[in-house]
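Here are the chains, one letter per residue:
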Amino acid sequence: MKMKSHLLPEFMVERDTERCDNCKVCVKQCPFGVHYYDEETGRVYSREELCVGCQRCVVYCPKNAIKVIPYPGHYRPNDYWHEEYIRDIKKQAETGGIILTSCGSARKAKVYWDHILLNASQVTNPSIDPLREPMELRTFLGKKPDRLEIELDENGDVEIKTELHPNLMIETPILFAGMSYGAISYNAFKSLAMAAKRYGTLFNTGEGGMPKDMREEFKDCAIVQCASGRFGVDPEYFNYSAAIEIKIGQGAKPGIGGHLPGEKVTATISSTRMIPEGTDAISPAPHHDIYSIEDLSMLIYALKEVTNYEKPVCVKIAAVHNVAAIASGMVRAGADIIAIDGFRGGTGATPKIMREHVGIPVELALAAVDQRLREEGIRNKCSIIVGGGIRCAADVVKAIALGADAVYIGTAALIALGCTMCQRCHTGKCAWGICTQDPELSKRLNPKVGAERAYNLLRAWSLEIKDVLGGMGINAIESLRGNRDHLRGIGLEEWELKVLGIKGAGE
Amino acid sequence: MIALARLRDPFMDWARKIDEIVDAVNFEGRIAKIDARGLTHKELNDLIRLCVEKGAEKIIVKNVCGQRYIGTRLYFPGKKVEIEIFGVPGNDLGMFMNGHRIIVHGNAQDGVGNTMNEGEIVVEGRAGDVVAMSMRGGRVFIRDDVGYRTAIHMKEYREKVPVLVVGGTSQDFLGEYMAGGVVLLLGLKGEKHKANYIGTGMHGGVIYIRGKVEPYQFGKEVGIVEMEEEDYRKVEELVKDYLKYFRGKGIDEKLEVDEIMGGKFTKLVPVSKRPYGRIYAY
Chain A
1 MKMKSHLLPE FMVERDTERC DNCKVCVKQC PFGVHYYDEE TGRVYSREEL
51 CVGCQRCVVY CPKNAIKVIP YPGHYRPNDY WHEEYIRDIK KQAETGGIIL
101 TSCGSARKAK VYWDHILLNA SQVTNPSIDP LREPMELRTF LGKKPDRLEI
151 ELDENGDVEI KTELHPNLMI ETPILFAGMS YGAISYNAFK SLAMAAKRYG
201 TLFNTGEGGM PKDMREEFKD CAIVQCASGR FGVDPEYFNY SAAIEIKIGQ
251 GAKPGIGGHL PGEKVTATIS STRMIPEGTD AISPAPHHDI YSIEDLSMLI
301 YALKEVTNYE KPVCVKIAAV HNVAAIASGM VRAGADIIAI DGFRGGTGAT
351 PKIMREHVGI PVELALAAVD QRLREEGIRN KCSIIVGGGI RCAADVVKAI
401 ALGADAVYIG TAALIALGCT MCQRCHTGKC AWGICTQDPE LSKRLNPKVG
451 AERAYNLLRA WSLEIKDVLG GMGINAIESL RGNRDHLRGI GLEEWELKVL
501 GIKGAGE
Chain B
1 MIALARLRDP FMDWARKIDE IVDAVNFEGR IAKIDARGLT HKELNDLIRL
51 CVEKGAEKII VKNVCGQRYI GTRLYFPGKK VEIEIFGVPG NDLGMFMNGH
101 RIIVHGNAQD GVGNTMNEGE IVVEGRAGDV VAMSMRGGRV FIRDDVGYRT
151 AIHMKEYREK VPVLVVGGTS QDFLGEYMAG GVVLLLGLKG EKHKANYIGT
201 GMHGGVIYIR GKVEPYQFGK EVGIVEMEEE DYRKVEELVK DYLKYFRGKG
251 IDEKLEVDEI MGGKFTKLVP VSKRPYGRIY AY
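Protein chains in written order, with the working numbering: chain A, 1 to 507; chain B, 1 to 282.
Some hints could be false.
[To be verified] Dumping the calculated BS3-like pairs for lysine-lysine here, alpha-carbon to alpha-carbon at most 27 Å:
| id | chain 1 | residue 1 | chain 2 | residue 2 |
| --- | --- | --- | --- | --- |
| 1 | A | LYS219 | B | LYS79 |
| 2 | B | LYS80 | A | LYS212 |
| 3 | A | LYS161 | B | LYS17 |
| 4 | B | LYS33 | B | LYS244 |
| 5 | A | LYS91 | A | LYS429 |
| 6 | B | LYS79 | A | LYS212 |
| 7 | B | LYS189 | B | LYS212 |
| 8 | B | LYS160 | A | LYS219 |
| 9 | B | LYS58 | B | LYS244 |
| 10 | A | LYS429 | B | LYS273 |
| 11 | A | LYS108 | A | LYS352 |
| 12 | B | LYS273 | A | LYS352 |
| 13 | B | LYS273 | A | LYS212 |
| 14 | B | LYS254 | B | LYS212 |
Source of the hints: derived by calculation from the structure; they are not laboratory data.
Could you put together the complete structure from these sequences and hints?
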């Protein structure tokens with residue numbers, strides 16, 4: 001039955017009619033159909049109930065005539081029946097469906113990064129000036145041997161006798177997180193690949209396969225994913241990679257699979273994923289050949305077999321309640337790298353209930369995992385990558401001091417490309433050409449420009465990390481890893497400090 | 001501090017170097033013979049890879065007992081070899097396999113043809129769970145029965161259409177989430193099929209079942225449609241190959257194509273290419 005929507009608009013569009021010359025740029029820029037031109041009056045108007053607040057029209061209005069602001073009208077203020085609940089109930093009463101959203105959890109919850117402060121050297125040990133001294137951010141990811149045997153040859157050069165496991169070498173401890181071609185546009189996908197290659201780090205294909213035309217060029221900087229849907233997975237895909245990642249879980253939607261809706265499965269997506277055009281790409285919740293740690297081990301070694309034991313295998317999970325025990329199992333199953341995605345991690349589409357209520361903060365998960373692996377004496381058997389809401393270089397530094405070897409950035413990388421966090425990825429109408437398969441919208445992102453923005457972000461954060469390291473009197477990221485003495489907590493309770501393994505400020 | 005024994009790697013720690021085990025291989029022209037007795041998973045696959053690198057076109061492996069991933073570590077684009085296995089190969093036989101042919105003179109375990117890309121696997125016996133899971137191309141023939149979760153999420157793209165033929169029957173969840181390909185269950189023992197949840201979440205491909213099966217055994221995402229001439233032709237071709245591979249090897253020499261084709265076939269196809277498109281509020 002057709003019913004009138006009771007939803008209030010979320011945004012209000014203010015058009016300065018003095019400045020607006022009805023040039024229709026906003027009409028062309030808005031994929032949500034907010035702006036329209038009326039032939040009769042010769043003027044541009046807005047339907048603000050359709051506005052998602054992506055700010056595309058604001059940035060592209062040549063006259064600076066548009067302002068998009070939160071809708072000022074609201075229900076009677078209520079600290080319990082918050083507007084968001086009222087809105088969701090109304091939406092579900094009108095549709096009967098699961099509320100779909102995207103990006104990472106937006107809920108109000110304690111952000112542990114913001115309760116952790118970093119140390120700096122003062123009199124007793126000097127700080128180091130990164131402008132004058134070399135600072136080492138180079139990072140190796142993969143299994144490390146229990147002990148290293150060396151030999152000196154006749155020239156006095158050191159030769160490593162121990163057989164080393166395959167490791168990844170990256171120039172900064174920041175990698176781009178798994179985002180599939182399908183979830184994001186080809187141009188966004190390629191932007192990240194190009195930036196990773198240029199900076200000397202890695203990008204991650206997500207679970208949508210690797211376009212054939214990119215395999216040769218980007219094979220040394222791609223982590224290729226093997227997820228429950230096994231899309232675009234063939235022996236060539238695995239062998240044209242730097243490493244393989246088994247995706248078990250994702251911070252934005254732990255415990256569930258994903259559906260790339262049929263309308264996004266275009267001709268090129270279908271050839272990359274190797275499924276027919278227009279079919280839903282369904283990733284089941286579990287891998288149906290992994291129902292236990294033993295089964296996980298079986299897949300890890302299957303992947304090592306198919307790549308002739310030449311590439312490290314990473315296993316990615318969402319941060320959940322028993323994450324430390326799970327991580328221990330993963331390492332025992334043979335994972336060379338474990339990736340932990342916190343509940344702030346982003347996605348192209350997820351049920352809101354999963355995004356907002358499932359999983360734990362990555363800060364706590366990371367500290368628990370690192371601690372557990374140390375206690376069990378197996379920390380050297382794997383590297384740890386954490387992701388899920390890394391917002392700035394300070395978050396990176398804190399993550400590494402809590403025990404991470406490197407971080408994944410997904411949301412931050414997309415923001416660098418143009419994303420404004422409007423949380424409408426699941427509509428496929430991204431005005432910034434990122435989370436869309438519409439050829440016209442995708443064109444808005446030029447991969448060369450996108451790559452430069454993403455590269456600049458890596459460079460800027462790396463410079464900041466060097467600055468902070470110098471201040472701490474450390475000249476290599478290796479010396480910071482798991483060095484929780486450089487962290488202090490503020491506004492944290494006893495149990496939180498204990499889980500994080502850090503002292504309170506002033507202690 | 002939790003005291004634990006040193007972490008052993010079950011695959012790598014006991015694997016000997018290839019020169020310590022190379023005696024297990026015997027070359028006769030382009031045919032290599034391997035005695036798999038006492039070899040670990042990795043050791044056997046090291047040797048099989050060595051044989052292919054040295055130009056073997058056929059590899060006969062005897063005394064196989066649970067070694068996994070046979071055929072997996074043979075990504076040599078353009079090269080196709082045949083592997084004959086005596087004994088029982090371990091899990092993930094031919095996983096990710098790329099164009100080779102494997103014949104098993106015996107039963108197989110779980111994961112036969114898992115995410116296989118191209119090639120053919122013929123098992124003269126039964127196979128375990130997750131046979132042909134996420135299979136993307138090539139063909140798998142199993143003489144007898146298969147276990148649970150067979151052909152889960154099998155998928156196809158254009159001319160790349162995977163095929164699974166099972167002489168007997170399967171357990172539950174046959175063809176779950178199936179997104180493409182052809183599955184044929186011949187039910188040669190003549191009993192009623194027992195599997196439930198057949199084709200749950202199916203959104204592509206086709207399942208043919210010969211013999212007695214009731215509608216309650218199907219997932220709600222599949223529809224039963226009439227067999228057409230084209231279907232009979234397709235099935236008959238597969239039946240011919242089935243008999244070619246297994247007649248005299250556990251299947252009666254006198255069993256004829258017509259006798260099998262005379263049975264009752266049920267054809268299952270997905271109701272929608274988008275089974276779960278309507279449960280969300282945008």
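Against the structure, the hints come out as follows:
{"no.": "1", "hint": "A:LYS219 <-> B:LYS79", "verdict": "holds (22 Å)"}
{"no.": "2", "hint": "B:LYS80 <-> A:LYS212", "verdict": "holds (22 Å)"}
{"no.": "3", "hint": "A:LYS161 <-> B:LYS17", "verdict": "holds (16 Å)"}
{"no.": "4", "hint": "B:LYS33 <-> B:LYS244", "verdict": "holds (25 Å)"}
{"no.": "5", "hint": "A:LYS91 <-> A:LYS429", "verdict": "holds (20 Å)"}
{"no.": "6", "hint": "B:LYS79 <-> A:LYS212", "verdict": "holds (20 Å)"}
{"no.": "7", "hint": "B:LYS189 <-> B:LYS212", "verdict": "holds (11 Å)"}
{"no.": "8", "hint": "B:LYS160 <-> A:LYS219", "verdict": "holds (24 Å)"}
{"no.": "9", "hint": "B:LYS58 <-> B:LYS244", "verdict": "holds (20 Å)"}
{"no.": "10", "hint": "A:LYS429 <-> B:LYS273", "verdict": "holds (22 Å)"}
{"no.": "11", "hint": "A:LYS108 <-> A:LYS352", "verdict": "holds (14 Å)"}
{"no.": "12", "hint": "B:LYS273 <-> A:LYS352", "verdict": "holds (25 Å)"}
{"no.": "13", "hint": "B:LYS273 <-> A:LYS212", "verdict": "holds (25 Å)"}
{"no.": "14", "hint": "B:LYS254 <-> B:LYS212", "verdict": "holds (23 Å)"}
The structure meets every hint from the earlier list without exception.
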